[in-house]
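Note that the protein sequences, when read in sequence, are chains A and B.
Using numbering that gives the first Met the number 0, read the first sequence as starting at 0 and increasing by one per residue.
Using numbering that gives the first Met the number 0, read the second sequence as starting at 0 and increasing by one per residue.
The hints are simulated quantities; they were obtained by calculation from the structure and are not laboratory data.
Do not rely on the hints blindly, as some may be mistaken.
Facing chain A, according to a computed beta carbon distance under 7 Å, are these residues of chain B, among others [to be verified]:
hint, residue
1, H76
2, T79
3, G80
4, E81
5, R107
6, K110
7, W111
We put the CB at the ideal spot given by N, CA and C, even for glycine.
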Amino acid sequence: MKNRKIKLSMMFFALAVGLAAIAGQAIADDDGDDDGYKGRGGYSQNGDDRGYNNGDDDKRRGGFFGGENRLRGKADVATVAGVLYKKECGSCHFAYQPGLLPSRSWEKIMAGLEDHFGDNAELPEEDQVEITRYLIVNSADYSNYKASIKISSSLGGSSPVRITETPYFVKEHQEIPVRMWKNNPKVKSLSYCDRCHTNAKAGSFNEHDVKIPGFGKWDD
Amino acid sequence: MKKMIITATFFIALGQTLAYAGAVEDLLSRYKAKGAKNFSAENGQAMWVATYEDAKTGMTRSCETCHKKNLKTKGEHQKTGEVIEPLAPSVNPVRFTDMKFIEKWFKRNCKWTLGRECTNQEKGDFLLFLQKQ
Chain A
0 MKNRKIKLSM MFFALAVGLA AIAGQAIADD DGDDDGYKGR GGYSQNGDDR GYNNGDDDKR
60 RGGFFGGENR LRGKADVATV AGVLYKKECG SCHFAYQPGL LPSRSWEKIM AGLEDHFGDN
120 AELPEEDQVE ITRYLIVNSA DYSNYKASIK ISSSLGGSSP VRITETPYFV KEHQEIPVRM
180 WKNNPKVKSL SYCDRCHTNA KAGSFNEHDV KIPGFGKWDD
Chain B
0 MKKMIITATF FIALGQTLAY AGAVEDLLSR YKAKGAKNFS AENGQAMWVA TYEDAKTGMT
60 RSCETCHKKN LKTKGEHQKT GEVIEPLAPS VNPVRFTDMK FIEKWFKRNC KWTLGRECTN
120 QEKGDFLLFL QKQ
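Based on the provided sequences and hints, a complete structural model is requested.
Take a look at the structure:
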């Protein structure tokens, strides 16, 4: 839905500046495609490089999509830059950053979209292929962000299909009482990161920015 | 006039995304070309409110499980609790303007709710009913 609203606002923008908007759209589009393939440094292991590219992407897109990367300096994981990914994988829940799981986990998830945790999240084949590539290239395997490294190194050889099942995640969340999430209708499950982590979309999961709905700010 | 400009701009600016007011008409004629007969909004409504039992979980499912009874107000995803904007085009004009989007959700929602894909006839009936909301 959000993306369709964005489409609407893009449309008005286009009305206002006429042809210029078409050129602008071309840039925005270009960006979206690039994210999945070459635009983000590919398999580069250089954290700074990736961080820079990522920020740059968001800045260029900012005019159309609203930059979400203001907190880049503090991010625990690279922000989501893929337009198609955000649209398709952000419609039922928060669009998880690719850096939260290794590529082997994403491959498993993307191969079973027809029965996706009891839901049907099937995609047309071309979108399925493009999103899988986007996830692999930006997965925790190739990221130097803090949370990506911690998740990766906590896994051993396992390939969980849930972020919430990775040992690092479990360890970080084991002190939160069940009444604050499972028995809290405003949260329901730990899978909905953005309901507690107020800067989750910016890739920041700092415990000082946690506000649990109905319970307020998290005080360790 | 305004609608025309909007439609035209949409078309140019978003060349590759089929998003325009005629999406429903186009889909209906496609379904017909594939053998569907005249469409019926009553039938669409009947299927919309009907309940279906899921063979695997025993759960009772319906289109209203997520979209809720009143199509002019927000729905809520049954599991994730994510808000679903109203389906009624009268309050949410972006609805049913993108053929690929409609077909994708028909596939998912029919499989999840009915346990199978919908036929072209059924999809046309649903669309005729939904478009009038």
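Results of checking the hints against the structure:
Given the 7 Å rule on beta carbons, the hint for H76 (chain B) holds: about 6 Å separates it from the nearest Cβ of chain A. For T79 (chain B), the suggested interface contact is upheld, since its CB lies about 5 Å from the closest CB of chain A, less than 7 Å. A hinted interface residue such as G80 (chain B) counts as satisfied when its beta carbon comes closer than 7 Å to some beta carbon of chain A; here the least separation is about 6 Å, so the hint holds. Taken as an interface hint, E81 (chain B) checks out: its beta carbon lies about 6 Å from the nearest beta carbon of chain A, inside 7 Å.
Evaluation of the R107 (chain B) hint against chain A yields a held restraint, the C-beta minimum of about 4 Å falling below 7 Å. Because the beta carbon of K110 (chain B) sits about 5 Å from the nearest beta carbon in chain A, less than 7 Å, this interface hint is met. Evaluation of the W111 (chain B) hint against chain A yields a held restraint, the C-beta minimum of about 4 Å falling below 7 Å.
In this structure, every one of the numbered hints holds.
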